[in-house]
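Given the structure of chain A, go ahead and fit chain B onto it with the hints provided.
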Amino acid sequence: MAATLGINEMRLISGALSNRSGYPFENFVQSFLKRRIIAFFEKYHLRNVDLFLKQINSKLFLESLLYFISVDTTEMFRDPGFWRSLRKIILSDAILKNNSVWFPDIGSGEELFSFLILLDVFELGRYPNVFFHHPSSSRIDEIRSGMIKSRNIETHNNNFKRLEIGGQFEKYCNYHTNSIVVSNTILKSVFPKKGWFLSEPDNQMFGLIFFRNSMLYMDKSLQDKVFQFLYNHLVPGGYIVIGAKENVPVSMANKLLIVDEQERIFRKPA
Amino acid sequence: MIGNSYRAIIIGGSAGSFSVVSKILSKVKPGFSIPIIICLHRLKHVRSGLVEGINLKSQIKVKEPFDKEKIMNGSAYIAPSNYHMFIEFDNTIALSTEAVYNHSRPSIDYTFSSAANVYRNKCIGILLTGANKDGANGMKDIHTMGGYTIIQDPVTCDIKTMPMAAMQLFTPDKVMNPDQISDFLNTLNND
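Just so you know, the sequences run in chain order A and B.
Heads up, this note's numbering is the position in the first sequence plus 185, with the first residue counted as 1.
Heads up, this note's numbering is the position in the second sequence plus 311, with the first residue counted as 1.
Honestly, the hints are just simulated from the structure, not real lab data.
Some clues are possibly wrong.
Taking beta-carbon pairs under 10 Å as the criterion, some of the chain B residues facing chain A (in silico) [claimed, not checked]:
no. : residue
1   : LYS355
2   : HIS356
3   : GLY360
4   : GLU375
5   : PRO376
6   : ASP378
7   : ASN393
8   : PHE397
9   : LEU406
10  : SER407
11  : ALA410
12  : ARG416
13  : SER425
14  : ASN428
15  : PHE495
Below 27 Å or equal to it, Euclidean Cα-Cα: the simulated DSS-like pairs (lysine-lysine) are [what the hints assert, rightly or not]:
no. : chain 1 : residue 1 : chain 2 : residue 2
16  : B       : LYS471    : B       : LYS381
17  : B       : LYS355    : B       : LYS340
18  : B       : LYS355    : A       : LYS273
19  : A       : LYS273    : A       : LYS373
20  : B       : LYS355    : B       : LYS372
21  : A       : LYS334    : B       : LYS355
22  : B       : LYS433    : A       : LYS219
23  : B       : LYS334    : B       : LYS368
24  : B       : LYS334    : B       : LYS381
25  : A       : LYS356    : A       : LYS244
26  : A       : LYS405    : B       : LYS381
27  : A       : LYS356    : A       : LYS346
28  : B       : LYS444    : B       : LYS374
29  : A       : LYS244    : A       : LYS219
30  : A       : LYS219    : B       : LYS381
31  : B       : LYS485    : A       : LYS356
32  : B       : LYS355    : B       : LYS485
33  : B       : LYS355    : B       : LYS334
34  : B       : LYS338    : B       : LYS368
35  : B       : LYS471    : B       : LYS334
36  : B       : LYS374    : A       : LYS405
37  : A       : LYS405    : A       : LYS282
38  : A       : LYS405    : A       : LYS440
39  : B       : LYS381    : A       : LYS410
40  : B       : LYS444    : A       : LYS228
Built from N, CA and C at the ideal position, the CB exists for glycine as well.
Chain B extracted, bound-state conformation:
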């Protein structure tokens, strides 16, 4: 059930997801105020370029957060390379160099599960294209906590392993293509 006053939108993706995230952020309305927290699998030795690339088209400012950074309305945060990214109860971001999880650092499951724990039914989880199962359990956690879940339509995915893995665990609220996802976000009351 779609409600108002969502506190955060959490997006995860892997192979092929950069262009999808870039497209979504280029289409959200300027001034979109709900924080967007993004965890993408990325090369761990390449620390620059991703944020700069997304910011070229994004309607809202995207940044790589520092540890313990406050999550602010109107901003998007993308997990830094080679760090796990967690959401804390004081609405800050916690980074970690703990072991890889699901062969990944950052792990989408970690970000999603921590967001589910903090925001409960006040968050929207969006899982995009990807080549492994990371993110599926985290999305299920968001679903279990009453959050709203959207999975990229597998037919529009470069690699559908990730969304299919999530759909085997639970039934998402919506299955959408990237254009529908950005249209949906623009319908949210985020004053």
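Chain A with its partners taken away, still in its complex shape:
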């Protein structure tokens, strides 16, 4: 039988989670958070909220929760039209050769690996440094090791073919008994950071920020705050990309130039 959680219970949970993790879960879309927490309750056979609130003080429990609660990227090269559009930018704009790239709220590795494979196919000669944030150590280890979901391998491959950029997707895959990992040669300039990106004062600037489908799970006040933060970390002329069905917060809309409206690619004025 599915667990149920009322409004007051969710308030207790999101408050405790925010305090323990530094993530602003109170400003996440509560129906989304509720789905994730209920699924977590069911996976770990948790019977009640009191037990959850007790266990959350355990580092191991919190780690499991933070691993579980973030949403995996659905597939590599999701939205091939987006990647085709990004390809043009990569090939034509030197800004990506001279600046770092950031995935502030990565779910799983698929989006990052897609980008790195794209760079490799074009033989740009020099990889930009790529940074990513995730709250879970074990998820970071998975991403660093290049792990991808084997059950989606056909989807990854088909999306890659739809890019029509040449190259062979299979070339980047190493098959093991129970897993598939991407070739570690493309991971050499990748640097992970653990935690919530907004809580770390950092003056680093980026030429491209990937933020696709992250805002879906944030309320509007958090979207505003996050987007302003990301904007401040873009170099002049730098790019930010969001999901196909996400909007730039109204407060930021007139500060960005539209590069590709359909594929949701925007640029900070130079």
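Below, chain B without anything else, positioned relative to chain A:
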């Protein structure tokens, strides 16, 4: 029991449902004002074409919503490919890229269940032809919350698995063919 002041009509379908939805929307009266929220199984890598195809004949404007878009009277919304679509209590649409459910993204169960939770007895659920069981539990949720439920008559379905799965869970208020569904919608007081 049919009442007035329904807040939304929720339609779900899979294999064969595109032509049924297209037919229903081509026959509703111009100016039909109750929002229609549609979740169809669709190819996840094809983002365009479906809405454009339905709009060719539809009497009301059909669109793929953006995340957190307000649900407006007189509009129809169709779940974007590769996103789950939920209804929120502030009468907005929430999209999600969470894992597939019932082998589907968008999942009809997700859309129906969230609508049942928000609209309760003020919504009408319509389940059309389809080849899997997605949507059956969501329709049951609408039924349980007091909403009105219509299932496409299995004899008119390209594939009847989906409506049959729902009918095994509960007894719908009506079983109708596509023409009857559009006629029924046109009887609703939606001022």
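* **Residue hint B:PRO376, partner chain A, criterion CB-CB below 10 Å** => At about 7 Å, which falls below the 10 Å cut-off, the nearest Cβ of chain A leaves the hint on B:PRO376 intact, so it holds.
* **Hint check: 10 Å Cβ-Cβ cutoff, B:LYS355 to chain A** => 8 Å, holds
* For the pair supplied as a hint, B:LYS355 and B:LYS372, is the alpha-carbon distance within the 27 Å limit? -> Measuring from Cα to Cα gives roughly 23 Å; hence the hint holds.
* Take a quick look at whether A:LYS273 and A:LYS373 sit within 27 Å of each other, Cα to Cα. => Holds. A:LYS273 to A:LYS373 sits at ~24 Å (cutoff 27 Å).
* Asked: Going straight from one Cα to the other, do B:LYS338 and B:LYS368 come out at no more than 27 Å?
  -> Given pair B:LYS338, B:LYS368 holds - Cα atoms ~9 Å apart, limit 27 Å.
* **Hint check, B:HIS356 versus chain A [nearest Cβ-Cβ separation less than 10 Å]** => Since chain A brings a Cβ to about 7 Å from B:HIS356, closer than 10 Å, the hint holds.
* Asked: Given B:GLY360 was flagged as interface, is its beta-carbon under 10 Å from a beta-carbon of chain A?
  -> B:GLY360 check fails; min Cβ-Cβ to chain A is 13 Å, beyond 10 Å.
* Given the hinted pair B:LYS485 and A:LYS356, is their alpha-carbon gap at most 27 Å? -> Between B:LYS485 and A:LYS356 the Cα gap is close to 55 Å, so the pair fails against 27 Å, i.e. violated.
* CA of B:LYS374 to CA of A:LYS405, is that 27 Å or under? -> 22 Å, holds
* Asked: Does the alpha-carbon distance linking B:LYS355 and A:LYS273 stay inside the 27 Å limit?
  -> 24 Å, holds
* Measuring from the C-beta of B:ALA410 to each C-beta in chain A, is the shortest one below 10 Å? -> 7 Å, holds
* Take the C-alpha atoms of A:LYS405 and A:LYS282, compute the straight-line distance between them, and say whether it is at most 27 Å. => At roughly 33 Å apart (the allowed maximum being 27 Å), A:LYS282 and A:LYS405 break the hint.
The structure fails hints 3, 15, 16, 17, 25, 31, 32 and 37 (numbered hints given earlier, in ascending order).
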